[in-house]
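Undergrad: Use these hints to put chain B onto chain A, whose structure you have.
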Amino acid sequence: AQTVTQSQPEMSVQEAETVTLSCTYDTSENNYYLFWYKQPPSRQMILVIRQEAYKQQNATENRFSVNFQKAAKSFSLKISDSQLGDTAMYFCAFMGSNAGGTSYGKLTFGQGTILTVHP
Amino acid sequence: EAGVVQSPRYKIIEKKQPVAFWCNPISGHNTLYWYLQNLGQGPELLIRYENEEAVDDSQLPKDRFSAERLKGVDSTLKIQPAELGDSAVYLCASSLGPRWQDTQYFGPGTRLTVL
Numbered sequence: 060a061q062t063v064t065q066s067q068p069e070m071s072v073q074e075a076e077t078v079t080l081s082c083t084y085d086t087s088e089n090n091y092y093l094f095w096y097k098q099p100p101s102r103q104m105i106l107v108i109r110q111e112a113y114k115q116q117n118a119t120e121n122r123f124s125v126n127f128q129k130a131a132k133s134f135s136l137k138i139s140d141s142q143l144g145d146t147a148m149y150f151c152a153f154m155g156s157n158a159g160g161t162s163y164g165k166l167t168f169g170q171g172t173i174l175t176v177h178p
Numbered sequence: 333e334a335g336v337v338q339s340p341r342y343k344i345i346e347k348k349q350p351v352a353f354w355c356n357p358i359s360g361h362n363t364l365y366w367y368l369q370n371l372g373q374g375p376e377l378l379i380r381y382e383n384e385e386a387v388d389d390s391q392l393p394k395d396r397f398s399a400e401r402l403k404g405v406d407s408t409l410k411i412q413p414a415e416l417g418d419s420a421v422y423l424c425a426s427s428l429g430p431r432w433q434d435t436q437y438f439g440p441g442t443r444l445t446v447l
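Protein chains in written order, with the numbering used here: chain A, 60 to 178; chain B, 333 to 447.
Calculated from the structure, these hints are not laboratory results.
For every residue, glycine included, the Cβ atom is placed at its ideal position computed from N, Cα and C.
No false leads were mixed into what you were given.
Covered stretches of chain B (in silico footprint by chain A; criterion: 3 or more residues with CB under 8 Å from a CB of chain A, positions within the stretch not fixed): (1) 373 to 379; (2) 434 to 440.
Simulated pairs of lysine-lysine, BS3-like, Cα-Cα distance not exceeding 25 Å: (3) B:K394 with A:K165; (4) A:K137 with A:K114; (5) B:K410 with B:K347; (6) B:K347 with B:K394; (7) A:K165 with A:K132; (8) B:K348 with B:K410; (9) B:K410 with A:K165; (10) A:K114 with A:K132; (11) B:K403 with A:K165.
Now the in silico label distances, taken between C-beta atoms and shown as ranges: (12) A:Q61 with B:R443: 23 to 29 Å; (13) A:E76 with B:T408: 44 to 50 Å; (14) B:E415 with A:R102: 26 to 32 Å; (15) B:N370 with A:S71: 20 to 26 Å; (16) A:Y113 with B:G429: 15 to 21 Å; (17) A:T79 with B:N370: 22 to 28 Å.
So here's chain A without its partners, still in its complex pose:
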């Protein structure tokens, strides 16, 4: 079974600065997919960024980028130029694939990291 671990229960950052959220995972699969989701207070969870494990290039979405280290099974999220609206709970998630290489839709989430951006 896959497990996802986020070792930082809470983080804080000043507005306009950069912060990195950590995530490690455990799997025996070779082909899988990784995600970061954001859950603002009292609002819906939304996808921030995703990464295919077989792609070595790190994914980037505007101010959000990842550092994917496959050998270390590490998938950290970097938020540049932090904004007040980035305050949220961030979840790292894993999706595996079947023998045919097709992903099967099940997300396994970590425990989450509460990020607070201070003005």
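TA: Relative to chain A, chain B alone:
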């Protein structure tokens, strides 16, 4: 475009009572998920539907939980009877399909409190 709609947003019941949650996915989304989110934790998948077929219900406690997705659109999740430990947020999500490229869109959730 309307997002995933869930109702009710909040529900308080006594233990041993039944409760039902409703979800309306984004139009055209064939895949529907029900997740359980305990306080301060990440969501855990309860059941996944492809159209009207439940294709992954291995995490659903079938002795007290049931779900249905008639006509492959709306879905209902039921608990009968509810226990104190069922207090949590129940999230519904939908996506075009089950592939990793198919973004899962989440609803606001139903917060259940069992007294």
